Amino acid sequence: MTTRQIGEAVPDLPPASLYRHLKLLKDHGIVEVVEQHPRNGISESVYALVRGSTRLSREEFAAISGEAHQRYYAVFLGALSTVVNRYFEEPERDTTRDGMTYFIANLNLSDDQRQRLRLDLLDLIRRYSAEPIADEHRPTQVGISLSPDLLAVAPALDSEPSQ
Numbered sequence: 001m002t003t004r005q006i007g008e009a010v011p012d013l014p015p016a017s018l019y020r021h022l023k024l025l026k027d028h029g030i031v032e033v034v035e036q037h038p039r040n041g042i043s044e045s046v047y048a049l050v051r052g053s054t055r056l057s058r059e060e061f062a063a064i065s066g067e068a069h070q071r072y073y074a075v076f077l078g079a080l081s082t083v084v085n086r087y088f089e090e091p092e093r094d095t096t097r098d099g100m101t102y103f104i105a106n107l108n109l110s111d112d113q114r115q116r117l118r119l120d121l122l123d124l125i126r127r128y129s130a131e132p133i134a135d136e137h138r139p140t141q142v143g144i145s146l147s148p149d150l151l152a153v154a155p156a157l158d159s160e161p162s163q
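Numbering (the UniProt record's numbering), first residue to last: 1 to 163.
Simulated from the structure, these hints should not be mistaken for laboratory data.
Just so we're clear, the structure is a prediction, and the values are computed from it rather than from any experiment.
All C-beta atoms, glycine included, are put in the ideal place defined by N, C-alpha and C.
Please note that a few of the clues may not be correct.
[What the hints assert, rightly or not] The following label-pair restraints were derived from C-beta to C-beta distances:
{"no.": "1", "residue 1": "E44", "residue 2": "R114", "range": "23 to 33 Å"}
{"no.": "2", "residue 1": "L77", "residue 2": "I6", "range": "17 to 27 Å"}
{"no.": "3", "residue 1": "L56", "residue 2": "R114", "range": "24 to 34 Å"}
{"no.": "4", "residue 1": "P38", "residue 2": "Q113", "range": "53 to 63 Å"}
{"no.": "5", "residue 1": "N40", "residue 2": "T101", "range": "38 to 48 Å"}
{"no.": "6", "residue 1": "E44", "residue 2": "E136", "range": "23 to 33 Å"}
{"no.": "7", "residue 1": "E136", "residue 2": "I30", "range": "26 to 36 Å"}
{"no.": "8", "residue 1": "I144", "residue 2": "P38", "range": "15 to 25 Å"}
Let's have the full structure, built from the sequences with the hints guiding it.
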């Protein structure tokens, strides 16, 4: 994508911020220039993700500070929100036909169950990502967040279900 295309996809982002963020992504090896095109007397760059650059190992992920995680999570939510908002602005949308959904599920899981759930979700995403692209396919965004809720209290095992 060119900076112009990125700017059109994220219209709330001021151009100066867009260029600053793009430079950071390029400097850190997350995106790279894959083409250059002359446009209005200047060279317009086409950017693409560097393959594998957006994946972190468990060790790399664990080494990120809490403050940095909060920033990254805000970017994650912003990206998710941008796509969802664009979808809801589409007059021809049909949430049933399109399979659009969002929900929060509060689960009571052991550490082992939480790890298995994470691995199962990753496996599911990998399987669908490996499908060949066909004309009838449309890009579909899936956002997943797994986090222990440190303030929630698990229900007592011997309590009566609420009516």
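(message) If I claimed the Cβ atoms of L77 and I6 lie 17 to 27 Å apart, would that claim hold in this structure?
(response) Hint holds: Cβ distance 18 Å, inside 17 to 27 Å.
So does E136 sit 26 to 36 Å from I30, Cβ to Cβ? holds, 31 Å
Q) Should the hint that N40 and T101 are 38 to 48 Å apart at their CB atoms be regarded as holding? A) holds, 43 Å
Range agreement (Cβ of E136 with Cβ of E44, hint 23 to 33 Å):
holds, 32 Å
Exercise for the section: With 15 to 25 Å as the target window, see if I144 and P38 comply at their CB atoms. Expected result: Roughly 41 Å apart at Cβ, these two residues miss the hinted range, so it is violated.
| said: If I claimed the Cβ atoms of P38 and Q113 lie 53 to 63 Å apart, would that claim hold in this structure? | reply: holds, 56 Å
#### Entry: Assessment of proposed distance window 23 to 33 Å (beta carbons of E44, R114)
Violated, at about 45 Å.
Query - Beta-carbon spacing of L56 to R114 - inside the hinted bounds 24 to 34 Å or not - result: violated, 18 Å
In this structure, the hints that do not hold are numbers 1, 3, 8, in rising order.
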